[in-house]
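If you read the sequences in order, they're chains A and B.
So the first sequence is numbered by my numbering: it starts at 1 and just counts up by one.
So the second sequence is numbered by my numbering: it starts at 770 and just counts up by one.
Don't read these hints as lab results, they were simulated from the structure.
A couple of the hints might just be wrong.
[Unchecked claim] Cross-link-like lysine-lysine pairs, in silico, DSS-like; alpha carbons within 27 Å at most:
hint, chain 1, residue 1, chain 2, residue 2
1, A, Lys-639, A, Lys-698
2, B, Lys-772, A, Lys-698
3, B, Lys-771, A, Lys-11
[To be verified] Covered stretches of chain A (chain B as the covering partner; in silico rule of three or more C-beta atoms under 8 Å from a C-beta of chain B):
hint, stretch
4, 74–84
5, 351–361
6, 480–494
7, 499–511
8, 715–721
Everything numeric in this text was worked out from a predicted model, so none of it was measured.
For each residue, glycine too, the CB sits at the ideal point set by N, CA and C.
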Amino acid sequence: MAEKYVGQRVKRTEDPRLIQGLGHYVDDIKLADMLHVAFLRSMYAHARITSIDTSEALHAPGVVAVYTGQDVSSKIGQVPCGAALPDLKVPDHRVLATDKVYFVGHPIAAVVATDRYAARDAIDLIIVDYEELPAVIDVEGAASNSTVIHEHFGDNIAYKLTAGEGDIEAALASADHVVKQRLVHQRLAPIAMEPRGVLARYLPGEKELTLWSSTQIPHLMRTQVAIMLGIPENKLRVIAPEVGGGFGSKLNVYAEEALLGWIAMQLARPVKWIETRRENIQATIHGRGQVGYIEIGCKNDGTITGLRYNVFADMGAYHQLLTPAIPTLTGLMLSGCYKIPAIQMNTTAVFTNKMATDAYRGAGRPEATHVIERAMDMVAAKLKMDPVEVRRRNFPTPEEFPFKTATGLFYDSGNYVGALDKALEMADYSKLRKDQAAARKDGKIIGVGVSTYVEICAIGPSAATPAGGWESATVRVEPTGKVTVLTGASPHGQGQETSFAQIAADALGVDLNDIAVVHGDTAIVQYGIGTFGSRATAVGGTALVLALEELTKKATRFAAHLLEAEPESLQFEDGKFSTDGKSVSIQEVALAAHLARNIPADMDPGLSATRFFEPKNFTFPFGTHIVVSEIDRDTGDVKLTKYVAVDDCGKVINPMLVEGQIHGGIVQSIGQALYEELVYDDQGQLVTGTLMDYAVPKAAMIPWLELDRTETPSPVNPLGVKGVGEAGTIGATPAIVNSIVDALSPFGITHLDMPLRPELLWKIVNNAG
Amino acid sequence: MKKAISVTVNGVVHHQDVEPRLLLVHLLRDVLNLTGTHIGCETSICGACTVIIDGQAVKSCTILAVQADGASVTTIEGLGTEANLHPVQEGFWEHHGLQCGYCTPGMIMAGAQLLDRISSPTADQIRHGLEGNLCRCTGYQNIVEAIQYAASKAK
Ligand code: FES
Ligand code: FES
Numbered sequence: 001m002a003e004k005y006v007g008q009r010v011k012r013t014e015d016p017r018l019i020q021g022l023g024h025y026v027d028d029i030k031l032a033d034m035l036h037v038a039f040l041r042s043m044y045a046h047a048r049i050t051s052i053d054t055s056e057a058l059h060a061p062g063v064v065a066v067y068t069g070q071d072v073s074s075k076i077g078q079v080p081c082g083a084a085l086p087d088l089k090v091p092d093h094r095v096l097a098t099d100k101v102y103f104v105g106h107p108i109a110a111v112v113a114t115d116r117y118a119a120r121d122a123i124d125l126i127i128v129d130y131e132e133l134p135a136v137i138d139v140e141g142a143a144s145n146s147t148v149i150h151e152h153f154g155d156n157i158a159y160k161l162t163a164g165e166g167d168i169e170a171a172l173a174s175a176d177h178v179v180k181q182r183l184v185h186q187r188l189a190p191i192a193m194e195p196r197g198v199l200a201r202y203l204p205g206e207k208e209l210t211l212w213s214s215t216q217i218p219h220l221m222r223t224q225v226a227i228m229l230g231i232p233e234n235k236l237r238v239i240a241p242e243v244g245g246g247f248g249s250k251l252n253v254y255a256e257e258a259l260l261g262w263i264a265m266q267l268a269r270p271v272k273w274i275e276t277r278r279e280n281i282q283a284t285i286h287g288r289g290q291v292g293y294i295e296i297g298c299k300n301d302g303t304i305t306g307l308r309y310n311v312f313a314d315m316g317a318y319h320q321l322l323t324p325a326i327p328t329l330t331g332l333m334l335s336g337c338y339k340i341p342a343i344q345m346n347t348t349a350v351f352t353n354k355m356a357t358d359a360y361r362g363a364g365r366p367e368a369t370h371v372i373e374r375a376m377d378m379v380a381a382k383l384k385m386d387p388v389e390v391r392r393r394n395f396p397t398p399e400e401f402p403f404k405t406a407t408g409l410f411y412d413s414g415n416y417v418g419a420l421d422k423a424l425e426m427a428d429y430s431k432l433r434k435d436q437a438a439a440r441k442d443g444k445i446i447g448v449g450v451s452t453y454v455e456i457c458a459i460g461p462s463a464a465t466p467a468g469g470w471e472s473a474t475v476r477v478e479p480t481g482k483v484t485v486l487t488g489a490s491p492h493g494q495g496q497e498t499s500f501a502q503i504a505a506d507a508l509g510v511d512l513n514d515i516a517v518v519h520g521d522t523a524i525v526q527y528g529i530g531t532f533g534s535r536a537t538a539v540g541g542t543a544l545v546l547a548l549e550e551l552t553k554k555a556t557r558f559a560a561h562l563l564e565a566e567p568e569s570l571q572f573e574d575g576k577f578s579t580d581g582k583s584v585s586i587q588e589v590a591l592a593a594h595l596a597r598n599i600p601a602d603m604d605p606g607l608s609a610t611r612f613f614e615p616k617n618f619t620f621p622f623g624t625h626i627v628v629s630e631i632d633r634d635t636g637d638v639k640l641t642k643y644v645a646v647d648d649c650g651k652v653i654n655p656m657l658v659e660g661q662i663h664g665g666i667v668q669s670i671g672q673a674l675y676e677e678l679v680y681d682d683q684g685q686l687v688t689g690t691l692m693d694y695a696v697p698k699a700a701m702i703p704w705l706e707l708d709r710t711e712t713p714s715p716v717n718p719l720g721v722k723g724v725g726e727a728g729t730i731g732a733t734p735a736i737v738n739s740i741v742d743a744l745s746p747f748g749i750t751h752l753d754m755p756l757r758p759e760l761l762w763k764i765v766n767n768a769g
Numbered sequence: 770m771k772k773a774i775s776v777t778v779n780g781v782v783h784h785q786d787v788e789p790r791l792l793l794v795h796l797l798r799d800v801l802n803l804t805g806t807h808i809g810c811e812t813s814i815c816g817a818c819t820v821i822i823d824g825q826a827v828k829s830c831t832i833l834a835v836q837a838d839g840a841s842v843t844t845i846e847g848l849g850t851e852a853n854l855h856p857v858q859e860g861f862w863e864h865h866g867l868q869c870g871y872c873t874p875g876m877i878m879a880g881a882q883l884l885d886r887i888s889s890p891t892a893d894q895i896r897h898g899l900e901g902n903l904c905r906c907t908g909y910q911n912i913v914e915a916i917q918y919a920a921s922k923a924k
């Protein structure tokens, strides 16, 4: 197969509609007779509901129906949790609160009205009497808090888990030094720019329910919502239309999705709910939320002997789809890109009166990378070594792959030194250090930070995932020769309509514009798992490669029949099968295969193939990020004056898309490192409940990002790709924090917890305590 | 109590009776069916709803439809056509200035208006000029390049 498109900076085929505002996100779809839903949500973090009076709301203009927990709890099943862990406590999770509310934003009642304004007006007319209860907010104190959120559990512990291999006690005892540090991974809001939204339509005659939802997992959602509603899965169609970003926040099954479906069935009218941003920050999953204690042992020469991480992980009030599983991903990646003979993670996962945490971009791996990359810097500081040198001493060499970690993983391939050296050269590291020394003499506060990360992608082997880790693809050459690709992946910004078309165009020798990549509709696309965990290209793209191979084989046999030749004698190039001066195009083959007047007796008509790919392992992309930061003495403001990133995500289908993923990931990391934090006060009020006070980075806060790549193919899939969707959010955060801690080391600082806001830094440099 | 207004949108005059509290963005999206203008917040922060009103970039979630009475509004649907894209639209396509596309119409409108004010902006001027627009996907770098492309193209 000649590579005309793969590896090229092909402009996206999804863009023309989007740059003209002609895409269709959920809220852009309108159905005749459609009603609008608004939710009344709890204003308390923890309270008993003593009464709900909806009578006034019911009589408000335009209101068609009002539903409370009483009305729906026995009709709709639990909001599902797909994670399985030993002794995991799974709270009863109803779509609307019944007797108690557990977090600010907990849905209590749904109003259905003829327009959005009427629905929202009527929300204010519902009278709820609450008996407020003390809120459990502090993560470390939750386990021993006398207030128990789910009373029948007896305490607030969701589970406890010890993971890792090697004799950690001996490893730490054998160290020349053990560095200890408490470290906080603050709660974050994913903030996809399109909030969630659902449109539901029920056809009573056909008994068919259709849900348009802003989701990353249409098929998994269909299965779960069918179970929740007790309807046959084959009578539920889920469509993920244009989806305006996800970052894990739409890798979930939410109460509102099932409830809208149920309401549409009750009323036999289409109903739509579009989340407000305030609701989005309150009641769409949060990310991170860990407080941990690191102990890392090292020899005088910098060799790491062992790592222990005791962590309190904040589940929030309930489990969403993967909530309890997220800390286990942290545990898997604690080894970073280093040879560490013994690792232990002790997790205490606790319930608190907050929204559930779950998979926000990186999902547990940014926490792991932050732990190990901060720890490596602390070791370097302790030994007065250059942080680069400490890292180098502990890397496995490229020959040591597949590399086994003490967390039980086999890293597929890697060249950590290669990426590091390239980044050092790009940043001119030794000059940076000299400049830093000189600038310090001039009174400037400048730091250089490095992180060498590895992450886990292409999720993943089915045995290691809750709901299947494979992906599917169908390729059809239609009678007119146009090619349709159906993928079970569900892209929402990643650009697979383009990159998958690149793969198919090269394999079939057809024009890129003759290919349509269809996704996100369960009535059209065969079952698939979805887009998350940087898996779409590595797993879904591989399924596509397999389907293309099978389709080409079939086409070759049809072509041989048409040309009256042996299949083995045929050449297939540029979309033409040829032998002995005779040729037939794939388009002609497709037509003949559909007309079926002259096809081999043992072949079915039509030209299509469906394949599934089950990966044998995860993939492990890696890289080095180097950051220079400067702190303004008068304001405490941080300026990132240099940002160099060398990432290795294996083979690349479209470098432009890869760079875009890395840019976006790094900027979310900058958000975490410097600005973003979900703050709940002692009563459990969400203080940062709008974009006014939850600080998503803006263009002017971001430095120029200098990117480059190294390319170490993955042996796990035939494309050699690893995945890149989350690399930026994983590699960048510790590099930024390391640079600022480095800048402040003359002030005696050895560690700081994020976000590193100006106020904190100003106090340090001005000794204001 | 509805109020009669007349607004020119993308060159077409619309006479509508609207509730006084109806936001302009809802007039555009729900009444006129111009759904390219998006809503990403309710606090005038995200800029997804940016349109051009009488030459000014305005967040259409922060003004009422009645305030636009007599005004001329350009939305993303009125900026260019597939065959004849506005240079900023073209720049976004060329330089991969969008991923999920949700912030994109607002970004493009803000970018187009920025170029009306400053024909050859520096990267810094572009970044500051987009202060009212959030993008969670792209990290902004390609958006800056897209607008620079448009600036050079327009010369
Ligand atoms: S929707 Fe108008 S600024 Fe966010
Ligand atoms: S492209 Fe997704 S928010 Fe900007």
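(message) Can you tell me if the stretch 499–511 of chain A counts as covered by chain B, using C-beta to C-beta distances under 8 Å and a minimum of three residues?
(response) As far as the stretch 499–511 of chain A goes, the hint is violated, because 0 residues have Cβ atoms under 8 Å from chain B.
(request) Between the stretch 715–721 of chain A and chain B, see if three or more residues pass the 8 Å beta-carbon test, and mark the coverage as holds or violated. (result) violated (count 0)
(message) Holds or violated: Lys-639 (chain A) and Lys-698 (chain A), Cα atoms, limit 27 Å.
(response) holds, 13 Å
(request) Can you take a look at whether the stretch 480–494 of chain A is actually covered by chain B? Rule is 3+ residues, C-beta closer than 8 Å. (result) This one holds; 3 residues, not fewer than the three required, reach chain B with a Cβ under 8 Å.
(request) For the pair we were handed, Lys-771 (chain B) and Lys-11 (chain A), check the Cα-Cα distance against 27 Å. (result) violated, 47 Å
(message) Hinted pair, alpha-carbon criterion (27 Å max): Lys-772 (chain B), Lys-698 (chain A). Please report holds or violated.
(response) With Cα atoms ~38 Å apart, Lys-772 (chain B) and Lys-698 (chain A) exceed 27 Å; violated.
(message) Count the residues of the stretch 351–361 of chain A whose Cβ falls closer than 8 Å to any Cβ of chain B, and tell me whether that reaches three.
(response) Result for this restraint: violated, n = 0.
(request) Between the stretch 74–84 of chain A and chain B, see if three or more residues pass the 8 Å beta-carbon test, and mark the coverage as holds or violated. (result) Since 0 is below three, the answer is violated.
Hint compliance for this structure: hints 2, 3, 4, 5, 7 and 8 are not met, and every other hint is.
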